[in-house]
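Undergrad: Residue numbers (my numbering), protein chains in the order written: chain A, 89 to 936; chain B, 60 to 346; chain C, 5 to 219; chain D, 684 to 964.
Some hints here could point you the wrong way.
[Claimed, not checked] Derived pair list, reagent style DSS-like, types lysine-lysine, alpha-carbon separation capped at 27 Å:
(1) D:K894 / B:K132
(2) B:K337 / D:K757
(3) D:K856 / B:K337
(4) D:K921 / D:K894
(5) A:K705 / A:K603
(6) A:K241 / A:K254
(7) C:K50 / D:K856
(8) A:K571 / C:K50
(9) D:K856 / B:K334
(10) A:K692 / A:K664
(11) A:K378 / A:K228
(12) D:K839 / D:K856
No lab work stands behind these hints, which were simulated from the structure alone.
It should be emphasised that the depicted structure is a prediction, and the values quoted were computed from it without experimental measurement.
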Amino acid sequence: MGTSFGRGGATTFQQDLQNSDCIVIMGSNMAENHPVGFQWVMEARERGATVIHVDPRFTRTSAAATKHVPIRAGSDIAFLGGIIHYILKNDRAFKEYVVNYTNGPVLLRDDFKDSEELDGFFSGWHADKNGYTHETWQYKDMDTHGEPPDTDKTLQDPRCVYQVLKRHYARYTPETVARICGTEPQHVIDVAEALCANSGRERTSAFCYSVAWTQHTTGVQTIRGAAIIQLLLGNIGRPGGGILALRGHASIQGSTDIPTLFNILPGYIPMPHAHAHDDLKDFIESEGAKTGSWGNMDKYIVSLLKAWFGERATEQNDFCFDLLPRINGDHSSYRSIMGMLDGTVKGFFCIGENPAVGSANSGLHRRALANLEWLVVRDFSEIESASFWYDAPEIESGELHTESIPTEVFWMPAAAHAEKDGSFTNTQRLLQWHHQAVEPKGEAHSDLWFYYHLGKRIKEKIAAQEEPFSDPIAFLTWNYPEKGETADPDAQAVLREINGWDANGRALSDYNGLKADGSTACGCWIYCGCFKDEVNQTARRKPGSEQSWVAPEWAWAWPANRRIIYNRASADPQGKPWSERKKYVWWDEEKAEWTGHDVPDFNKTKRPDYTPEAGAKAEDAIAGWQPFVMQEDGLGWLFVPNGIVDGPLPVFYEPHESPVKNALYSQQANPCRQQFPRTFNESNPSPSDAHGDVFPFVLHTYRLTEHHTAGGMSRTVPHLSELQPEFFCEVSPELAQLRGLTHGDWATIFTSRAVIEARVMVTDRVKPMRVDGKTLHSVGLPYHWGSRGLVTGDSANDLLNITLDPNAHIQETKGLTCDIISGRRPRGKDVPDFMNAVRTRSHLEGQE
Amino acid sequence: MSEGYYGRPIVKPPTWTDLIPTYFFAGGLAGAAATLAFAERTARNDRLARAMIFGAAAGCAVSAFCLIADLKKPERFMNMLRVVKPTSPMSVGVYIFSAFSGSVFIAAGSEITGVARSAGRFFEAIAGLIGPVMSVYTAVLVGDTVMPAWHLPRKTLPGLFAATSATSAGAWGLLFASARDNGSARRLALVGGTAMVAVLQALHHEIGPAQAQAYSKGEAGALARSARLLNVSGIVCAALGKDSNAISRIAGALLLAGGLTERFAVYRAGCASAKDPKYVLEAQKSN
Amino acid sequence: MVKTLCLGPLTDEALRGGIPGTNGARVGKTMSEHALWPVLRQAGGKDPLALGSAAQSLRTADWKARTDGAKVVKSICPYCAVGCGQNVYVKDDTIVQIEGDPDSPISRGRLCPKGSASLSLIESLLREYRVKYRRPYGTHWEELPLERAMEMIADRVLKTRRETWEAKDDEGNTLNRCYGIAHLGGATLDNEENYLMKKLYTALGVVQVENQARL
Amino acid sequence: MSRACPEPVEGFIDLTSAAAESATYGAEERDRMGFFTDTTLCIGCKACEVACKEWNQLPSDGYEFTGESYDNTKELSGNTWRHVAFVEQMEPERDTGRWLMESDVCKHCTHAGCLDVCPTGAIIRTEFGTVVIQDDICNGCGYCVVACPFGVIGEKQEDHTMGKCTLCYDRLKVGEQPACAKACPTESIQYGVVDELRERAEKRLEKVQQKFDGAQLYLNDPNDGVGGGGSLFLLLDKPQVYGLPPNPIVPTKDLPQRWRTAGIAAAALFGAVVLCAVSRR
C-alpha cells in the first residue's frame, strides 16, 4: 500500500467498516482471526451491506458473509484482475476521482512495454540480474525531477496510465479468470458488479485483507491489485472505503513503524545503504523526495540522530550519520537463518517469537539454531525455540544429536502485558497504552528492562575496554529514569523520546515542528504528537460512548491522530463532500480551513484550488486537490513507477510451487521472487519442470480462532487448548476418497522438506477446484502446534519452503504443493529414509 | 450423519452408579417385607413376621448404604434434611425412607433384644403401613426424570415397582422362613411374580414399540430376559416346593435374583433411552 | 432457641466457605435469617416450597463478583492487532480477572476467546520464572542467576561483535556493522521495547533485526 | 417485573413459576433476567466458552479431537457452561452453504425440572428469576442431571458437585452482565430482561425470516413444556439439529398424577400382602 498511496498502514480503521456498503474480505479469515474487529462487518451486514468472502475455504467468515466465492489459493491477482477488467471494460470507474486524484491521466514513456507485450515481463528486465531497472517505467518527460508530468484528463491518450491499464487487463475476462481461479465466471461478475454498484459519490466499498495476500511470492502485487480497484472506484480516503490490513500480532504495525526490521529506521526512513550513501547529504538526496512529505527527510533523519546520539550529534559531524551501520542487500530473517547454517551468524536473540515451529520451513530453522554459538530466548514458557536441542524432531530422527549441538542457550522469563507499561500499535495505526497491573514474578522482566540493562552493561564494558568502533555505543543516549527495586526503565520516558522534543526540551506536538538543524530530537517522526502537551496521548481513554463514532480522543493514531488517511479525498476537488451520506472531511470556506469528523490529512489551511509555484518543495509542491500527500505528485498510483521491484502493475503468476501451468504467460512464477535453493529447502517441482506431478495437491496453512500463531500463547492455556486440541488437516470428501483418508483418523502429509502427520477432517467445506479443465485438490493445515504445551502435534510450518516476495521478503505459505497419504508418519530413523525416497522420486538431489 | 447432533445424547444419562438400582431393589423389598411382617404379626404368625422384619431391616441397611454411598459428596448426606420439597420425589422419599427405616430399625431392634416390645410392635405397624409407599415411591422418583424409558410408562411403572417389591419380599420369606411358616410369603411371591410378567407386558404396550426398544435391546434387554427366566423358574419352584424347605429356598433365591436383575434391567433401559437421542426425539415427536 | 435450630452439619460448611473477596463480611440480618434451618424458613411462609429464598445458603446470600471493589487497570489485549481494550482487575497485588473494556470504541467491551483467556495466559502453569541455561554441548538445563546471565550475554554480544565486525566491504564502502548477530521478534512487544532494541542494535552495528511482520 | 403467564400445570406445581419463586425474595425481587442467543449473528468464535470458564474458574474438560466440525467441547457439562455447536450444511455445488453455529447454555426454564427435583435446596430460583446451583449445599445426588430436558447439568469432577450456568449470579448482583454476553464479539448473545428479550426476539425473527430459511424462535413461548426459557434462541434449523430437544417438557409436569398412580400401586401392594396373609385361614 505504501507504493500506491504513500504509507504502508491501513488506510482506514475498523469501526469505519460499519459505514461500508460493500465489504470484500479476501486473503483474510477475518471472523476467525479478528473476531472482535469483525463486529463492524456484522454491523455493516445488518445495515444492509453486501459482505463478500473470497477464499479457497468455506470458513467461519464465509458463513457470516452474504456471499462466498471459492478461488484457488494463490490466484488472487487473477481474480482482482478480473474485477479491474470489468470496471474498465464497462466504464464503471469513478471518473472524477480517477482524473483528479490518481495518476490515471499521466502519460508514460514511449519505451515502456507492458507484460502483455513481453509475455509476462515488463520492459527493463535483466535476466542476468534476475531483476528490473526502472527507467522505462517513468512518467513521460520526467527527466527534470519534480516537474508536473504530462497528462490527458480525457483518459484517451494511448500512453496514459488509464489506457495502459486497460490494455494490461484486457485478457483478464471473467471466463479466463474463472478458469485460472477454479471458480465460475458469474462469481467474478457478481463481485465486480457488487463493488461497482456500491462505489461512487453516494456509496463506498472496503477491502479487508491479511496474510493470505502477503504470504505469497506476489504478495505486494496482490495488495496493489486491490489498491488499483479502490482508486478506480474512488474508495480511498472516504468513510466506508479503504483497504484495511488486518494484522495478527498486538503490535505488528508498531514493530514496522518503529521497526525491528533490517531495511528501515523508525518512521520508514530507509537504512543507509553501503554503496549509495556516503554522507548525510547524499542520503537525504537519494532517499528523500523533492516534493510531498518525504521532501522533509532531512528533518526526520536529523531529529532521529539527535534522539539517539544527543549532544554528540552535531552539524559538524553530520549528526553522527557515519555511525549508522550500512546494509547492502537482503538481511531479512531468512537470510540470517542461512547465515546461521553457514556459520556466519553466531549469536541470536529470539524475543517473543518461536521460529522453531513458527517460521516457514521450521525444520531448517531448528538446524540453524543448532549451529549457533549462543542463543537468547525470552518468552513466558520454554518454547520449542529454546528446547530444540533436546526435543526437536531432528533429535528423534537421529539427524541431530544433543551432545553435538554447540549452541549455548539462555532462556529468560519475560513479563506479560499486564505486568508492564507500554504501548501497542494496532492494525489501524492506533497507539494504545497498557498500564502495569502487577509486578512480574521471579526473574521475569519486561523486554524493555532487558534491553535497557543489557545496553547499560555494554556501555559500561565499552567504556572500560578497547572495542572496534565503540563510538556509536559510547555516544548513544541511554538515560531513562529507573523505577522501583528492579530498576525498570520508565516506558513513558521512552515514549517521550519517540515523540521527540524541541530546542527547549518540550515535547513536540506534531511532525511539522521537526527541524533539520539539530534543534529537535525525535525517535520516530510519524509518532511525533503521541506525547503532545507532555501528555501520554496513547493512554487517553475517553469512553467511545461519549464521543463521535470516529472517537478521536481514544488513544492516538499516527499520523497526527488521523483515523482515515488521505481523507482529503472524501471531498471533491473543490473541497465539498462527494455526498451528504459520505461526508467526512471538507473545506470550510468561511473559516478557510479543512474540517470534518477527523483530523484532515492535509495542510489544514491549504485551499482546494491551491496551485504550487514552479520549484515548490516538499508539501508546498502538493496542489490543493491532491490528497496523497506522501507521494511526490500527491496522487494515488494506479501505476507505480518507483519503489517496487517486480513490476509497475500486478501480473498474474503461479505460486512458486504450483500443480498447474500459468494460463496467461509462459513465465510460470514471479521472475523476481527470492529463492534459497539448498539442502532441506528444496522446491517441489512444478509442471513446467520434470516430475512436476510428484506433489499433486495444493497446500495452504492458516490459523484458527482458538489459537494464536504457532501456539506459544495458546498451547499453554487450558481454556484455548481444549477448544482445538489436535493438529488436523482439512480435506474434501473427494480427496479423502482418492487417497483413502478416513475422517478422524491419521494422515501423513509431505513435501520435499518434511513429513508430518495430522488428524483427518473430511469436510464438505473444502471443494476440489476445476482449474483449466483439471481437478485440483487442496490440503488445509492450521499451523498452531509443536512439541510442547498442553496440546502437542506436528508443526505444519515444517512443510513449507522458503521462497520470498521480492519487495517485502515475505515467504509463501498460502499456496504450495504437497502429497498426502493415509496413516501415521514414519518415526525415528525412518524419517530420513522416507524423505530420501521422496527426494529421489522428485529428482531433487541435484537441486542445490 | 447420525440422528440429532452427531448422535450425541440430548438429555444426560444418570451420573448414578449401580448402587441406585440396588437401592430400588433393597428399598422395594424392605417396604413390602415390612408390610408382610405387620400383616403376619397381626395374623399371629410371629416366625414369618420375625423373618420379614429382619428382611425389612436388612433392606433398609443396604438402602441407607446405597443412598449415601452413591452421593458424589456423601459427607453432605444430611443436606437432604435441609428442606422439605414436595416437588422433589427424592426429598419426599428421603422423609419416607427416614420414617420407614427408623420404624423398621426400632421394630427389628426390639425383636432381637426383646426390649420395649410394645413400642417395637407399634413401629412395626407404622413401618407396615408406610411399607408400600416405600416400595413404590422410587417409581415416581425415576418417572420424574426426562429419561424416556422411565418417564413415559406413567401408569405401569409404579405397578412394576410394586410387583417387583412384592416378589422380592415374598422371596425373602421363602428363603428365610421354613416351608411350614412361609405360606403368605409364597403366595406373595407367586402373585408378585405373575404380576411382574403382566405389568411388563403392559408397560411395553403403554410406551409403544419404538420406546420399548430401550427395554428390549442391548444390555437392558439381556438383563430383562435373564430376569424373566429367573422369575419364571422361581415361580415354578415356589409353586412346586410348597413342602420342601430346599425347593422353597431355591425359589426364594431365584426370585430375589430375578427381582434384582429386573431392577437393573429397568435402570439400564432408562440410561439407554438417554444415550441414544432417538428415544427423546421419538417421544417429542408424538407429544 | 435459634441456635439449637441451626443444623450444625448443614450450615457449617456454608458458614466457613467464604469466597475470595467477600472476606466473610456479613450483615446481621442475613446472618440470622440464613443461619436458620431452611425448613423453618419454609414454614415462615414466604417460600413454602423451598424453591427460592428459603433454600438460599448464607454463602450464596453473600456471594458477589470478585471484581467488586477491585482496582481496575486499563490495558490492551496482547494477542492480535485488533487492539481490544481490557480491564485488569487487581486485588491484593493479584490479578483476579481480565475482561473487555466497554469504553473502547474498537472492541466495546468484547473479547475473542484468546483475549478472554488473557489471565490464564499470564497464570499458565507452564509459565516459568527463572533463567535457564544450557551450556554448549550440554544435555540438561542448569540454573543461572539473572545477574550472571545478563553479564554473560553482554560479554557474548561484545565478543561476537569484535569477531565479526565488518568495517568495509570488498569495494571499500563503509559497512560499520556486526554481521555475526541476528535478532528475531518484536510484533508482540511494545513500541518502547522495539525502539530500545532497534536503537541498541543499530549502535552495535547489528543489522539483521527482524520480526513477525514478515512471517 | 417479569410476570410471564404460563398455562397452569396441575396440582401444587401451579405455584412453581419463575415469577412466584422470585417473589419469595420480597422486596429484593428483581426483573427476570436472561439470554437471547441469536444464531444468525454467531461466528463460532467460542469467546463465550472461554469467558465463562475464566470467570467461573472452571477447568478444561480434556483435550480430545472429535472431528465434529469445529466442536471439540461436545456438550454442556459440569465444567462447560457454554457450548458452541457447529453444523455444516453445504449446498450440493459446495460453493456456498451454511455453517450453523449456536452457543448453547442453561435455559433457566420457567418450570425448571432441576430446581423442582433438587432434594437439598441446593438449586434455587434467585431474585433475578434465574436458576442457580449452590455448590456449598449440593451433595451430588445427581437428580437434577436426569431431570433436565436439555441435558445441561453435569458433574464437576473436582469437587463432585453438579455444575451449570449461574447466569453469573455473582456478577448480576453487582450490576454486571454475564461474562459470556459481555465477551460475545457480535452480540449473538444478548443479556437482558426476559420480557424485553422476548419482544426483541419476535422482531428479530420477523426481520430475518426472509433472509434465513428455516429461522425459528426456541423457548420464547411461555406456553411450551417448560413455560418458556429464561434463555431464548433464534435458530436457523430444527432444534434437534443443534442437539436441542424439539419439544421439551419439564418432568415434574405430571408429578401429581404420578403420585396418584403410585398411591394406587401402593394400595394394591398393601392389599395383596394383606390378602396373601389372610387367605391362609
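Undergrad: What hint numbers does the structure not satisfy?
TA: 1, 3, 8, 9
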